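**Q** Sequence:
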Amino acid sequence: MNLSSTNSSAWKAESVLISVGFSLIFLLGIAGNSLVLAVLCRNGQMSTKTTNMFIFSLGMADLCFIVFCVPFQATIYTLDQWVFGPVLCRAVHFIIFLTMYASIFTLTAVSLDRYLAICYPLRSRQMRTPKNALISICLVWSLAFVFSTPYLSYFSQMDLDGTLLCIPAWEPRPRFIMDLWTFIFGYLIPVLVLSLTYARTIRYLWTSVDPAKDKSESRRSKRKVTKMILIVAALFCLCWLPHHLVILCMWFGQFPLNHTTYALRILSHLVAYANSCLNPIVYALVSKHFRKGFQKVFSCSRKRREENRVHVIQAVNTVSNIETRPSEEEAASTAT
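So in the numbering used here, spot 100 of the sequence shown is number 100, and the numbers just go up one at a time.
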């Protein structure tokens with residue numbers, strides 16, 4: 001009796017911690033990514049600078065992930081069964097992998113863009129155009145759609161002993177191939193490309209020209225942008241690494257199913273999902289242009305509130321004048 005009550009209280013405590021963690025990720029992700037998209041939309045350079053277009057695509061992927069995935073995934077660890085039906089069971093997991101692929105492919109495209117911009121600034125001008133950036137973004141999302149389409153059938157709602165669960169429906173062998181495929185093309189190869197391009201870019205920045213002698217504003221700006229994107233890429237790789245390692249360890253028999261490993265699996269999901277709300281923080285800490293953009297958005301919202309307050313006061317004064325005018329006319333008529 002005491003043991004069961006202890007386990008029940010421990011599970012309630014875990015449910016509360018999981019709910020709080022997912023709630024923080026949801027709120028911070030919605031606020032941060034919406035703010036980034038607002039800054040980029042208000043900035044007139046969004047359609048003329050290729051890096052801003054890629055950041056917009058990355059922000060959209062993060063926002064879609066936060067909105068369509070995090071709330072549903074939180075219920076998997078806090079409720080006893082899946083309550084959203086078979087359609088959402090497939091759709092939620094499809095969007096998870098769609099946005100994951102879109103994010104890592106976008107970061108790979110940005111790393112190539114930074115490499116060309118810094119190492120070949122003159123020769124790459126004809127390639128690094130807004131039109132080509134838009135084509136690259138469309139290609140990124142198309143590839144992400146193709147790679148994540150199998151997950152429309154990978155998961156399914158099943159009734160196990162009267163409990164509805166959203167679990168993998170494939171046989172073990174196809175599931176192993178799919179999970180290995182996802183790790184290779186959704187993590188390993190992009191990380192290798194990111195490592196190679198940024199290694200060459202950093203080497204060029206710090207060895208080809210003496211940083212103390214280089215006073216070019218354009219070059220300093222490129223360094224700051226590269227630093228910001230490099231941090232974003234590194235955070236993505238670090239945050240999603242535990243998730244992939246847990247899946248691989250499960251397949252290769254090095255991850256026994258017990259309470260500790262279950263907690264580690266939840267923690268790996270929380271860390272991976274937290275990545276979607278970290279990018280706005282990086283932009284605010286590293287880029288002064290984003291800091292100014294954030295301040296402009298807040299100042300504009302504050303001005304709108306003040307203008308609305310003035311309009312309300314003016315409307316109230318107008319109504320009060322209209323109401324008092326007849327009484328003044330009546331007083332004048334009685335006086336005559």
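The set of hints was computed from the structure by calculation and includes no laboratory data. Fair warning: this is a prediction, and the values are worked out from it, not measured in the lab. Please note that the accuracy of each hint is not assured.
[Claimed, not checked] DSBU-like cross-link-like pairs, simulated, lysine-lysine; straight-line CA separation at most 30 Å: (1) K49 <-> K131; (2) K296 <-> K224; (3) K227 <-> K49; (4) K222 <-> K131; (5) K131 <-> K227; (6) K224 <-> K131; (7) K227 <-> K288.
**Q** It remains to establish, for every hint, whether it holds in the given structure.
**A** For each hint, the structure was consulted:
1. Restraint check: the Cα-Cα separation between K49 and K131 comes to about 10 Å, which is no more than 30 Å; the hinted pair holds.
2. Straight-line distance between C-alpha atoms of K296 and K224 comes to about 21 Å, which keeps the hinted pair within the 30 Å bound.
3. For a cut-off of 30 Å, the pair hint linking K227 to K49 stands: about 17 Å separates their Cα positions.
4. A hinted pair counts as satisfied when its Cα atoms are at most 30 Å apart, and K222 with K131 qualifies at roughly 21 Å.
5. Of the pairs offered as hints, the one joining K131 and K227 holds, with about 25 Å between alpha carbons and a cut-off of 30 Å not exceeded.
6. The suggested pairing of K224 with K131 holds, with an alpha-carbon distance near 24 Å, which does not exceed 30 Å.
7. Distance restraint check for K227 and K288: the Cα-Cα separation of roughly 13 Å lies within the 30 Å cut-off, and the hinted pair is therefore satisfied.
Checked against the numbered hints given earlier, this structure breaks none of them.
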